[in-house]
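Chemist: For reference, the chains in residue letters:
There are 2 protein chains.
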Amino acid sequence: MNRLRNHIEEITPVSDEEFEYIQRFFIKKRVRKHQYLIEVGDKVTFEYWIANGIFRTFYIDEGGREHILQFGLENSWLSDYNAFFHQTASQMNLVCMEEAEVLCLTLSAREKMASELSKMEYFFRRKVTNDYTAQQHRIISLLSQNPRQRYEEFGSQFPEIIKKIPKKYIAEYLGISREMLSRLNAPDRRRSLS
Amino acid sequence: MNRLRNHIEEITPVSDEEFEYIQRFFIKKRVRKHQYLIEVGDKVTFEYWIANGIFRTFYIDEGGREHILQFGLENSWLSDYNAFFHQTASQMNLVCMEEAEVLCLTLSAREKMASELSKMEYFFRRKVTNDYTAQQHRIISLLSQNPRQRYEEFGSQFPEIIKKIPKKYIAEYLGISREMLSRLNAPDRRRSLS
Chain W
1 MNRLRNHIEE ITPVSDEEFE YIQRFFIKKR VRKHQYLIEV GDKVTFEYWI
51 ANGIFRTFYI DEGGREHILQ FGLENSWLSD YNAFFHQTAS QMNLVCMEEA
101 EVLCLTLSAR EKMASELSKM EYFFRRKVTN DYTAQQHRII SLLSQNPRQR
151 YEEFGSQFPE IIKKIPKKYI AEYLGISREM LSRLNAPDRR RSLS
Chain D
1 MNRLRNHIEE ITPVSDEEFE YIQRFFIKKR VRKHQYLIEV GDKVTFEYWI
51 ANGIFRTFYI DEGGREHILQ FGLENSWLSD YNAFFHQTAS QMNLVCMEEA
101 EVLCLTLSAR EKMASELSKM EYFFRRKVTN DYTAQQHRII SLLSQNPRQR
151 YEEFGSQFPE IIKKIPKKYI AEYLGISREM LSRLNAPDRR RSLS
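Protein chains in written order, with UniProt numbering: chain W, 1 to 194; chain D, 1 to 194.
Treat the hints loosely; a few may be bogus.
As the list claims (entries may be wrong) - Here are the simulated lysine-lysine pairs, DSS-like style, with alpha carbons at most 27 Å apart: (1) K112(W) with K29(D); (2) K43(D) with K127(W); (3) K127(D) with K127(W); (4) K127(D) with K43(W); (5) K33(D) with K119(W); (6) K119(D) with K119(W); (7) K119(W) with K112(D); (8) K127(W) with K112(W); (9) K164(D) with K112(W); (10) K112(W) with K127(D); (11) K127(W) with K168(D); (12) K127(W) with K119(D).
What the hints assert, rightly or not - Far from chain D, some chain W residues (derived; all Cβ distances over 12 Å): (13) V31; (14) Q35; (15) C104; (16) E121.
Source of the hints: derived by calculation from the structure; they are not laboratory data. Just so it is clear, CB atoms sit at the ideal spot from N, CA and C, and this is done for glycine as well.
Let the hints inform the model, and build the full structure from the sequences given.
Modeler: Set out below in structure tokens:
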């Protein structure tokens, strides 16, 4: 729980009493590799704060192809947010890629905490605002950058993810084919062989 | 200002006294067609609430091509949010497409209002959360849908925008070429001629 406190305090300081109050809203959960926290069609009960481990949130199109909305490493918050906030059936899958510990938060717990403790209202506003501006950047990248530019930018923004996650999934996140990603990686392979 | 109150009250009711307090933070401005509210490189002083009129926020890539992040019709909030929140130079342009009236809000006014009136903290959290989930949908659309699917979904989601905005800009929003958009429109032209 201390890591959650550090994470919250990146946005706003909280007293010992306040954190005591906050942590009561969360439910701890261990998650195995390949375990699904959300499957398409589920009612989405929780959002999840990742204490450690790796997750991906993905959409499967009509042709059965997977498209990755989000990777979640430690300190990420994940859910199918449209379904979570509107309490509708999920259109996404959320699956564990590396054994993990998460903290689970229901919508009613989240709203109660935000209404009773103004610092948490502030925290959630700031957090989603940061996520919103990061998403704007991703939209501009998808609209304006070619596959090589997208891949190189991803590598410089998220060097840890590049190391930890199979290339197949990076391709599904960047909206490029696996063949294209292999071609983009080819010069690096040649260098390492020479 | 009454329209701003209606807009806020879609998320939370406010009393006459509270709205009296809120409206003092906004500065009214009339905007001419083709007038820029933000240009690349500007310090971004304001976010804008659109009382009426049409705007677009766009990015120009290294090759000089325009990519549209957002259209703004009445009740939209627009800015280069990354630059606004981090008080850095804008990477976007925000331009008026149809004569407009806007209300301007500085970052310090926004933060003061949110900290002094918890209903506005709640309003801004809920608003950006809605915008965040809408953006997630757009990312999935850009990753998974072909140009025809994107165009048809846009038409059913935003029938007003399709009517009011030249096709060139719709193409720049959907990440498809103008030639492709013309081909997608071709069957409609044939039908109207027959």
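Chemist: For a quick check of understanding: which of the numbered hints are violated here, in increasing order?
Modeler: 1, 5, 9, 11 and 16
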